[in-house]
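Visitor: Knowing the structure of chain A, use the given hints to seat chains W, C, F, B and U on it.
Just so you know, the protein sequences line up as chains A, W, C, F, B and U, in that order.
Quick note, in numbering that gives the first Met the number 0, the first sequence goes up one by one and the last residue is 309.
Quick note, in numbering that gives the first Met the number 0, the second sequence goes up one by one and the last residue is 309.
Quick note, in numbering that gives the first Met the number 0, the third sequence goes up one by one and the last residue is 309.
Quick note, in numbering that gives the first Met the number 0, the fourth sequence goes up one by one and the last residue is 309.
Quick note, in numbering that gives the first Met the number 0, the fifth sequence goes up one by one and the last residue is 309.
Quick note, in numbering that gives the first Met the number 0, the sixth sequence goes up one by one and the last residue is 309.
Because the hints were derived from the structure by calculation, they are not lab data.
Warning: the hint list may mix true and false statements.
If several chains are the same, the list does not tell them apart, and a pair holds so long as it fits within one copy or across any two.
[Stated by the list, open to error] When the alpha-carbon atoms are kept at most 30 Å apart in a straight line, the in silico DSSO-like pairs for lysine-lysine are as follows:
hint	residue 1	residue 2
1	K36	K125
2	K98	K272
3	K266	K309
4	K253	K81
5	K123	K36
6	K130	K36
7	K155	K253
8	K98	K266
9	K266	K304
10	K155	K98
Protein chains: 6
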Amino acid sequence: MKLTRKSFRSSVAGFCCTWTVLMFAQTASAQLLSFSKQELIDYTAQNPFERLPDGRPKVPDALIERARDISSEEVWAVLQAKGFNNQYADGFQVLHPGKMMVGRAFTVQFMPLREDVDNAAQAKAKQAVGKRLFNQTAIDMLQPGDVLVVDLFGKKVGGTIVGDNLFFYVNQATHGGGLIVDGSVRDLNGISEIDMPAYFRSVDPTPIGNVMLTGINIPIRIGNVTVMPGDLVVGDREGIYFVPPQFVQEVLDKADETHIHDEWTKKKFAEGKYKSAEIYGSPSDPKLQQEYQEYLKKRLDEIHKQRSSK
Amino acid sequence: MKLTRKSFRSSVAGFCCTWTVLMFAQTASAQLLSFSKQELIDYTAQNPFERLPDGRPKVPDALIERARDISSEEVWAVLQAKGFNNQYADGFQVLHPGKMMVGRAFTVQFMPLREDVDNAAQAKAKQAVGKRLFNQTAIDMLQPGDVLVVDLFGKKVGGTIVGDNLFFYVNQATHGGGLIVDGSVRDLNGISEIDMPAYFRSVDPTPIGNVMLTGINIPIRIGNVTVMPGDLVVGDREGIYFVPPQFVQEVLDKADETHIHDEWTKKKFAEGKYKSAEIYGSPSDPKLQQEYQEYLKKRLDEIHKQRSSK
Amino acid sequence: MKLTRKSFRSSVAGFCCTWTVLMFAQTASAQLLSFSKQELIDYTAQNPFERLPDGRPKVPDALIERARDISSEEVWAVLQAKGFNNQYADGFQVLHPGKMMVGRAFTVQFMPLREDVDNAAQAKAKQAVGKRLFNQTAIDMLQPGDVLVVDLFGKKVGGTIVGDNLFFYVNQATHGGGLIVDGSVRDLNGISEIDMPAYFRSVDPTPIGNVMLTGINIPIRIGNVTVMPGDLVVGDREGIYFVPPQFVQEVLDKADETHIHDEWTKKKFAEGKYKSAEIYGSPSDPKLQQEYQEYLKKRLDEIHKQRSSK
Amino acid sequence: MKLTRKSFRSSVAGFCCTWTVLMFAQTASAQLLSFSKQELIDYTAQNPFERLPDGRPKVPDALIERARDISSEEVWAVLQAKGFNNQYADGFQVLHPGKMMVGRAFTVQFMPLREDVDNAAQAKAKQAVGKRLFNQTAIDMLQPGDVLVVDLFGKKVGGTIVGDNLFFYVNQATHGGGLIVDGSVRDLNGISEIDMPAYFRSVDPTPIGNVMLTGINIPIRIGNVTVMPGDLVVGDREGIYFVPPQFVQEVLDKADETHIHDEWTKKKFAEGKYKSAEIYGSPSDPKLQQEYQEYLKKRLDEIHKQRSSK
Amino acid sequence: MKLTRKSFRSSVAGFCCTWTVLMFAQTASAQLLSFSKQELIDYTAQNPFERLPDGRPKVPDALIERARDISSEEVWAVLQAKGFNNQYADGFQVLHPGKMMVGRAFTVQFMPLREDVDNAAQAKAKQAVGKRLFNQTAIDMLQPGDVLVVDLFGKKVGGTIVGDNLFFYVNQATHGGGLIVDGSVRDLNGISEIDMPAYFRSVDPTPIGNVMLTGINIPIRIGNVTVMPGDLVVGDREGIYFVPPQFVQEVLDKADETHIHDEWTKKKFAEGKYKSAEIYGSPSDPKLQQEYQEYLKKRLDEIHKQRSSK
Amino acid sequence: MKLTRKSFRSSVAGFCCTWTVLMFAQTASAQLLSFSKQELIDYTAQNPFERLPDGRPKVPDALIERARDISSEEVWAVLQAKGFNNQYADGFQVLHPGKMMVGRAFTVQFMPLREDVDNAAQAKAKQAVGKRLFNQTAIDMLQPGDVLVVDLFGKKVGGTIVGDNLFFYVNQATHGGGLIVDGSVRDLNGISEIDMPAYFRSVDPTPIGNVMLTGINIPIRIGNVTVMPGDLVVGDREGIYFVPPQFVQEVLDKADETHIHDEWTKKKFAEGKYKSAEIYGSPSDPKLQQEYQEYLKKRLDEIHKQRSSK
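So that you can see chain A by itself, here it is in the shape it has in the complex:
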């Protein structure tokens, strides 16, 4: 556990890609619940970005980085205006509360083991991929920038998607992307030392068991959210937002304005001359309103310059 993660990031990525695409095509037909690349494309047709080889929308790396500065509230503001009220999940144990999680959703679904069904699935898998499907099948398909999102239906005992070894691997493969599991993890002591964000319902010493893998990169449910593969995942101290790709740009642009608004609001509060209602939500006095608009414009310009100079 003394190893550091940064040195070996780059080498993994290229290797992963080809392997994963092949795997995806093959495993899709061997899963109990299949969701083909074409279906994925159809159901995420509003995606304005490129796609990953497996068909998932590819929110650009630059936007993912910008998302590291936003908060749940800022996502909420845009999504509720669009009528998307079921994109937020909370109630998790948060591994590193001060650390934001951002990335592209890579979804995995498990269901309670049922041997007749699992045998049929594994027979199909043997035929398609030459080996049985299990949690590492999915983990080995992860890409840099992914967040592993797992439906283990809240299972504690035997619902441990990873222990510290595989957590270490996920961290590497995703370049620190992150993990969300509606289920549990093992070896919290070991996991705590690895600097990747993670959200889980509970912790248990048992290994994963009494379940069967039923889908990779299919639509899954986490709390009250229907998660689609490729959603932008944004996790803070409170919970997790799953942002449909078509709203990512607007969410981020709006967040810039909100940051400036908060900056200005606190600055005015700090002057000690105003009641909160004179300044917040928006200033009532036209002169203050004008002051704010000028501040907003100036700061937006600065931010845009700063960004383009990178």
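Guide: Chains W, C, F, B and U alone, transformed into the frame defined by chain A:
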């Protein structure tokens, strides 16, 4: 609500069948999570019985009737011996506690509404079936002998699969089969007057909403059970067993023996001459053991005669 | 407990009225949280009916009787259309599940005992009414047609608003109106024998204690509802609706239509010729639509005649 | 399950007694937690009645019968006056809510299975009694008038003290005494048909397992009560009181008065001339007070006569 | 969020005072539940200190500072001796666990929105204060040394009293006093960076909504506590004590003794020569007892000197 | 609370031992539930180590130190292979999450107070030990290396085994061993400053009360574990394992291998050349398998050398 159910049972059945098969083929391709007739057959390959036109195993009516006399414990005994430990769900409100529920599982799945996904699904549905998918789409496909099994992910507000009108319809269409919903129902007063078994998590006055139908007759999860379409559903005061078709005959035969065993055990207890451990689990005294074996044989013969004379 | 309730109903009522009005004026000024008759009138200004002497809206007896036939769903339909989404409370133990509760809300609030505050309140009460305030102060102000609605903040031990003696009294004083307590009751065996509807969170053998009475006929909170004195209370197997007086007439008229709609819907279902979606929510076929409209008109006429002939 | 219980009651009793005493002495030394007859006598030294052969206080049959008419509230009144505030347990599923449970506590304790400890215990048991200890060891020691009180630490799966066969046996052996288990039962359908009171936390189809029997007739904890063998058990719709033998007579005598008080109170309420506070808790008017005292005396006399004439 | 709080503290205070008093008088008459300055004085008549302009007891700043060193246990000891057993609330998320919260209670109450009532209230508010009442109305009345105590009845979604902007404002206006909300907050990431103590039930991204402000500086209930405006609030890692002003001095003096007692006890334990029972609760050996008394006297003298020299 | 713990460690130990042995013999006979030294030896007969004077198995100090490096998962692997599936408890608040707890279980049991029983017990105690039994009786028997394990049946109010003074004492007496209580503690602020591991269910300001001490060093239940005195306690961030002494050596040896396995696994992952399934659980490629075996051997040698050189 003063109407009686029995008089109009027969007329519905024939009508339903053809319509439903067509619907199934068409809706399957329009669901977010599709599960084709062939997949259903593949994953329930151990089914020893005929199949319904939609591909589901058809546990024979005669066996369904026999299942009306068994208990959870009797199912448990066979299934655990087979290594099937995830077939039981409980924690429901039971509408008519004294009334057994038996039938073939007809599964439906909902997920939290997400407009981008739902619009894509509804567009596909319009193209395939000429109209949008919603709870009545599934309800209108029900067959006599079916139990409607619905995954509404425990939702209370807006998770009400039916009110008393549709509950009435389900009762008619299934010939009193039953309803299980990991979600809620509306209009408990009205529903209570209808003599169909039902299991639900809660009750709410709101109609179903903020969800989308994502699958009909696909594998779903109810509590800790992976339910397959066509499973034999057995519900008593305690909870619900989902019996894979390949085990139905054995479960029922074993239950016959258990009934006789219990009959004899209580008879001996009633004599007041024995400690419980002398008689139960099985008699230790060889003479009592013989007495029991003879009793068992005699009663089994009687039962078989009675059954064949029907 | 062998006594019957009906014989002595009439005598109580007249007596109560004068006494109560005096009590109300006097206790109002002695409560920790006062709410004067004028305030009550101001905050329920939309009440279209007469008022009780204590200022509460008086939903007419005839409408209360009609409300005995409606369901939560029917109330929901009207109130949500008005934007009143916080009028429903559930999660109670229901004493007599098959028995509807209807009546006018008489509210009482308790808070955790705090001697310095209670002493001040009791001193004021002594001065105003000559005695201290406690649960019977409120109970003795109940009128025929009232439902006693009590905020005991979910308290179990010591949160028992009544035992069987006072429950008997409430039944008499309200003419079988009913009881709702966000708290507990004592002596469930005794209470079960009395034929008055009641909703409570729990049951405990301790008498009420460690609390102080802080308000009579003030606005209180029950679950997610702000209850106003004089609201029409409608309780069924599921939960309780608090209907603001201004909506009572519309709720009842709409319920008439819904009853007829359900009657017709089930009749058509019973014919066994239709899919549910052809009939319910509303018939798609214009001919069926017309049939329904005629049926609705005919039955409404019948109902109105029947009502006016009473 | 068609057998009736009453015909064979008498025969069992005599048989049980001798056998049980021997068993008790022998098993006591073989239990993980032993509690000798002498210890039982020492710790229940205030018992004013005879003792059963196993050392438990024997509350007389006549008093047990009288206890069938009392309520939790009446027990509470006496016990809290004595400073015994930890004698009440609730939160159980009640099998037959309208049926009182009364009898002498026969306690059994289980703990989570631990093979090294259980092997040592079973070796001791083999030596002492010639066979291993399990749930039927305790059940076979039950006496007429006993209530079986079992600590299974709230266990659901595998915490099922009995199914319908052994429940039938317990009913016979105790002459309808009853069962309390801080754990679960099996076969609720079957059990529901047997007319013995029972209180349990949950129901499960699994048989008892993964536990070890650690004590028979030792002090155990049920909820917030330390239950001593021989306590008078009184169960109503609400919960269960465990009455130390030394308080039984006083509880019953006080209950007589309370019954009369309630009778009179309701009679006065039924007259419709009084506010509740004029009559209850006790009448304020000296003339009413006198009326009540006379009524009390008269009715007590009647009761005593009625009792002595039996 | 880069702004520091200390530089602008002083300027806000003076400004607030006058404005707030006017507001208080005006809003009191416009609240659903009013509690006039005179009522506040009457119900806190035992207050030994001056009062704030709004009528609240003003526990002196010096005592508030001393309270920063006490613990829940020390408050408990005095209050239970007075018979005040309902002054403690816990079960909150604590924002900065190592940081004590002390200050004067400023109470706010919300209830579920009900438009008929809210419209009446807002009309009254418009007339009285010229604008509608909402959460910022209360926040803008806060004084240095206040702790904002809010009853939002445990509401999560829409129960967010503040986000990071208003939290920043509250910190400034109260000079770091603190926040308690039986409800939620927004923007935990932002709030975590601000060094003010806060206690809340949950966190949610939605803004406050579906509620109405019903009282400012009225008696409210937080958990099992009736909180009076002006109570001394003491919050540690465990929970919150609300100390009636009349007990503040005694609590603090007693805490001095307890600190010295704990200091001495641990010193003796550290010597390694004593069993715990020889030293704690109080030393049994008269010589140790004397040693302790001398230590107590000496240390008290030191503390008093130190305090008076400030 | 400014005192440091290390300086006075040694002096306490010797003193404790003699005193404790005497106490143990005497208190055993005065406890409600007694468990003699001989019984303790019989039920832990598989203990391969020496015993403490009170009869408990004495896992050697060196092994305890080694246990400081293991995790729940490593204990799980050995115990489940032995069929010991009930040795793990979780769901506690963990005082110092990053700090491992290891030591020998010293068990204490409380039950709800019942004065008749407690008086009998105290009379026996007075006779045997000259004073009454209470929490400090047990605390004063603690030895260096012990972990105090207390069954307070989840009690919060009045279930506080220690406050900061006694916590300080326990830390000293056990040399930082630790505390587990299925109950609560007082004075969390004070306790947080003391560097001893602790696991508790809740925190409350009340002192321990309304309970009676019923056993010291008897078998007790913590969650789903039967804890035997002398078990090796291993607590990490997740929960607590109670390891029967006979498995300690194997657990530790296996943990050495697991540590090396994890080290190697992460090293290989860090190389970025492998899919997780190629390396973990065990390498599929024979060459990698060999590499691992050699690494394992080398590292084991190093560890053994390092250990023997200490």
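Visitor: For which of the previously enumerated hints does the structure constitute a violation, in increasing order of number?
Guide: Failing hints: none at all.
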